[in-house]
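Here the protein sequences come in this chain order: A and B.
Residues in the first sequence are numbered consecutively from 6, following our numbering.
Residues in the second sequence are numbered consecutively from 6, following our numbering.
In short, the hints are calculated from the structure, not lab data.
Mixed in with the good hints, there may be bad ones.
As the list makes no split between identical chains, a pair holds if one copy fits it or if it spans any two.
Cut-off 30 Å, straight-line C-alpha distance, at most; resulting in silico cross-link-like pairs (DSS-like, lysine-lysine) [said to hold, decoys possible]:
#, residue 1, residue 2
1, K79, K286
2, K46, K286
3, K79, K275
4, K223, K58
5, K300, K275
There are 2 protein chains.
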Amino acid sequence: MKIGIDLGGTNTVVGICTDDGALLLKSSLPTPHGNADELCKIMRQLALEVCEKSHTVPADVLQIGIGAPGTFDKSACTLTFGTNLGMSNVCFAHAFAPDFTCPVYLDNDGNCAALGEYISGSGRGGDNMIMVTLGTGVGGGIILNGKLYTGFNHIAGEIGHMVIVYDGLPCNCGRKGCFETYCSATGLIRSADRALENHVDSILHQRKLENNGRLNAKIICDACDAGDTLAMELFHTYLQYLACGINNLINIFQPQKIVFGGGVAGYGEKLLAPLRELVQKELISAPCGQAELVKASLGNDAGIIGAAMLLE
Amino acid sequence: MKIGIDLGGTNTVVGICTDDGALLLKSSLPTPHGNADELCKIMRQLALEVCEKSHTVPADVLQIGIGAPGTFDKSACTLTFGTNLGMSNVCFAHAFAPDFTCPVYLDNDGNCAALGEYISGSGRGGDNMIMVTLGTGVGGGIILNGKLYTGFNHIAGEIGHMVIVYDGLPCNCGRKGCFETYCSATGLIRSADRALENHVDSILHQRKLENNGRLNAKIICDACDAGDTLAMELFHTYLQYLACGINNLINIFQPQKIVFGGGVAGYGEKLLAPLRELVQKELISAPCGQAELVKASLGNDAGIIGAAMLLE
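Required output: the full structure, derived from the provided sequences and hints.
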């Protein structure tokens, strides 16, 4: 058995998996913001709980993996900076002792989600897979030759910060024209908010008002479904930028699969079917086979499974 | 001993290397354009020649590798399409029999050059390296975890066809705004030719006339050295696009080294020193260590050494 932990800004979810990555059950508690001692305590408590519920002896757990938003010193088993967790320099090496004596691994949540989809989700089949998360930002997780690729300093895979529009819109990272700026849910909403200033008669504007003046990716997608011309135009433009970034990743990596997660991927085939068409138009590798574009299938469980399956 | 062959559009160069990739000596003949039988004959002849010169018994050669511009069916040891060689569907599996009984490997010339620089050149040190060739196009070769990465269909690493300028200048590949369009020697020359239409009083224009009306990367670099304002402006713009693409590669791969080859890299530190400054400005990974930008050190020998050191 292997234990995977999705350490999020809101909840800490602990799951227990079979050795090959099937999630059996999970338990969760709110993450104690800024309190590392309390966090370690509840992680151990939840780990014991999932063991008990699955009739697993803690000594039989082969490894514990933690996925969190932040940066790590993996060799020291330490979260050096936990984005949205309010804590830094937290060592997890002995957080589960004395009950668990197995090794503890760490990685960022995006990488864990990619590994989870690769092992147990829609990323299965093939050695090379890119996970693209279209959420608040554009996250990435890269599986090459069957393993997570994280570069020499463990922070590779920042595909969201690949510039696709030279001198384009400013990004939080300091660059201009990043993939993330155009293709995150945030980017889609930003362009919609801007367009709505001159389209107060649109269905999209009406839906925004009904949602207390706040847009989200789902509202924009729903307005497309309702035939709103403005929403459809916005979504088409979004798809063109997305296809640009995806073709870049294909030309660089030639992965068998690209797996889409995050809020915008919730639109499913209505996103993927037109995206495939746009990608196909610019594909330079068609005669040699091409990447399959699929929706992630595990939702939030991907991060738990991936954490459980981390390698040293 | 291992034999590496750089099968180029002009010459076929055969070298013999030690098992760990030190090139001992090489011999070459003009490539017989469009004549596969003759090509196989001269490759075998040159292989025997380098064996004789290095006092190597052909039966002691562990492997023969061929790097060529084109596409391959590696499992069939076949060049499926040889760009600029005028031949296709040439099987090399038995081209060296009966003298040599070792396995024969194939890969494209860009990948072989990257592997050569990684094993014996300035790419040494570290597991992850990207080679960027700034020549007629922008070529790439990717070494990850100590091995060539070529994707599931063996055509990964087309970093030149990463769009950095959405809807930018048209590229031969069919896309618009590719890295190659802005950062190849060809791209630099194209932008200079265009600018010269309105700057007939520049040093650069004079140098172009002295070269029978034809620019090349060296002339542009030399004009920079001579203090020509136009050339310096053009080169600065070129560097900004180059830094953009290089930062993309860093954010995606976090390699220890990026090795620059090709004509423009001949400008050496005059290219690399300002490039490092521009890259540094947009680097999001500085606290975690960063890629070293270096010039390739093996010249044309990189392709021979890399071919000799190919893995199955």
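Hint by hint, here is what the structure shows:
1. K79 - K286: between (41 Å within a copy, 27 Å between copies)
2. K46 - K286: neither (53 Å within a copy, 42 Å between copies)
3. K79 - K275: neither (39 Å within a copy, 38 Å between copies)
4. K223 - K58: Result: close neither inside a copy nor across copies, 36 Å intra and 71 Å inter.
5. K300 - K275: within (11 Å within a copy, 46 Å between copies)
Violated hints for the displayed structure, listed by number in ascending order: 2, 3, 4.
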